[in-house]
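> For reference, the chains in residue letters:
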Amino acid sequence: MRFRFFLGEALDSLTRNWVMSVAAIVTVLVSMFVLGIGAFVFFNLQNATSGVRNKLEIEVFIKNTASQDQVNQLGDQIKGMPEVKSMDFVSKDEALQRLRDSMKGHEDVLAALSGNPLPASFEIFLKDTNQTNLVASRFYNNQTVDNSPVADSADNPITLAGDLSDGATNMTVTAGGGAQFAKDMYFHIDNEVMRVTDNPNGDTMNIARAQAGTKAEAHSKGAEIYGEDGVKTGGNTTARVNAVANYTLIGGSGFVILLAVASVLLISNTIRLSIFARRREVEIMRLVGATNWFIRWPFVMEGVFTGLLGATAAVILVIIVQNSIIDVISSQLSFLGAEAVPTGWLLLSIIGGGILLGSVGSALALRRFLKI
Amino acid sequence: MIRFENVTKIYDPNIVGLQDVNVHIGRGDFAFLVGHSGSGKSTFIRLLLKEFEPSRGSITVAGRNLQRMRRGALPHHRRNIGCVFQDFKLLPNRTVAENVAYALRVTGQPARAIRRKVPEILQLVGLGEKMSNLPDELSAGEQQRVSVARAFVNHPSLLVADEPTGNLDPDTSVGIMQLLYRINRTGTTVLMATHDREMVDKMRKRVIALEGGKVIRDEDKGLYR
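The listed protein sequences derive, respectively, from chains S and F.
This note's numbering applies: residue 1 is where the first sequence begins, and numbers increase by one.
This note's numbering applies: residue 1001 is where the second sequence begins, and numbers increase by one.
Hint data in this document are derived by calculation from the structure and do not stem from the laboratory.
Beta carbons: idealized from backbone N, C-alpha and C, even for Gly.
Take these hints with a grain of salt, some might be off.
Taking CB as the label site, the calculated pair distances span [stated by the list, open to error]:
hint, chain 1, residue 1, chain 2, residue 2, range
1, S, Asn246, F, Gly1108, 53 to 61 Å
2, F, Arg1027, S, Ala23, 45 to 53 Å
3, F, Ala1113, S, Ala23, 33 to 41 Å
Model the full structure from these sequences, guided by the hints.
What follows is the structure, encoded as structure tokens:
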């Protein structure tokens, strides 16, 4: 009975003070709409960049002269790497088939090819794209030497337990600063190429002098199996996409949080105004002996309705805008693979947020009139 | 019923509302609180309703010490005091019946009891025909009757009226006065703040006179003077 009374009161005052109600609903609508569009853009950017991220991979091309044993061995090695999520072997035939697929309509170009010039390859997908360089370094020695997170860096000082000059091939190395070592990783010390022979335990590991004595030799040694340009990573693309993704994440969440704060302030201010207009009513209720919750419930329910109506209208608008934007994007920028990303739960949380804002805003705005 | 002991109320900054007031009003009594504007009548009544605390002294209403009352008990305290104000304090958007019903609803009375009691009390104050009117559509005298009906519908042990006839013409005032008198006859303690000289002199009830926040006179069957 009480619930019905409160509900009646809420609906009554919603229609009775309809000017204020409309003002509050429109405020919720506008803020939730802006917030919704902001979140929508943010999530789609996020999705697009992570889509590109997922496509990043390391391709290890295999020289035609490599033996089946060598290829198998390499495959096992890759599978054993802890950073690797999955790995595909693309045979020469498959590579050619892919090329054909991607060049449909231009078969005449392919017809000019004699035989199959494409190499077989391993395609490697990583668990964390930030580790691309580390993993690639194991194949592409030149990169190890140049980009290794380990070599000579001031942040990652390397301590050797022993002396290289006495001809030892195995010794224990300690790296500071959280340098990442992994089995079979190459790095160099004073132009000597070293290979990690034992899986690191913390930052201590065993290393062996690679058989080749110099960087150039090491490179060419790797090249026997992998080919001259044997390893292809996203390279610069990786770094750029990672940077863009990180900026989007930081900038976007900052923007969305800012919008959310602005919405909260705007909405609570509007509700405070509408309650201020009715403070005499609240005062009378208190004098008659109404408990705070008896006064509060109708206001809270009214806030729920305000939030629900405003947020629902906002959601409808967001859907309309979303669909028209998606149409444009998918026709013009199809490579981004634009899909309306989190539609369901984003829209639901807009509605939920509106309801929460309305009810909590009402309760808070009432607070100062409920003292005394 | 009401006991003020050495009650002093000082408003910021240093404005005296009440000073060393000692008053005792017994159960079932009828008392006038008289004095000029600013003499402390309203302070007295607002202290009774515990709208704020006295600076010093203690106030007891219906055997309960207001200073020791928990915040949660405040609504119950107010339900035991019927209030009538100069400006009626009716909820403007609700019908006469709903205004009276609100006082019953806050006490959690069932709908059936509300449907029975509201017409009963409105009949009593002579507004049986105007139940579904809004306060705006009523004359001042009628609005004050609604206010009295709302104050009395819970049958409180104490009814407090702050200048209830202040906005009314003399004839209408008499009508309200008669209502309060009848309510007093049912055993309800009535405390009425007023500066309506004629009314006080006619009634010959207890008169507590305030000036500058002090009780300057307190006599049974008194006159306004």
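> Run every hint past the structure and note whether it holds.
To see whether the hints hold, each was checked on the structure:
| no. | hint | verdict |
| --- | --- | --- |
| 1 | S:Asn246 with F:Gly1108: 53 to 61 Å | holds, 58 Å |
| 2 | F:Arg1027 with S:Ala23: 45 to 53 Å | holds, 51 Å |
| 3 | F:Ala1113 with S:Ala23: 33 to 41 Å | holds, 38 Å |
Consistency note: the structure conflicts with none of the earlier hints.
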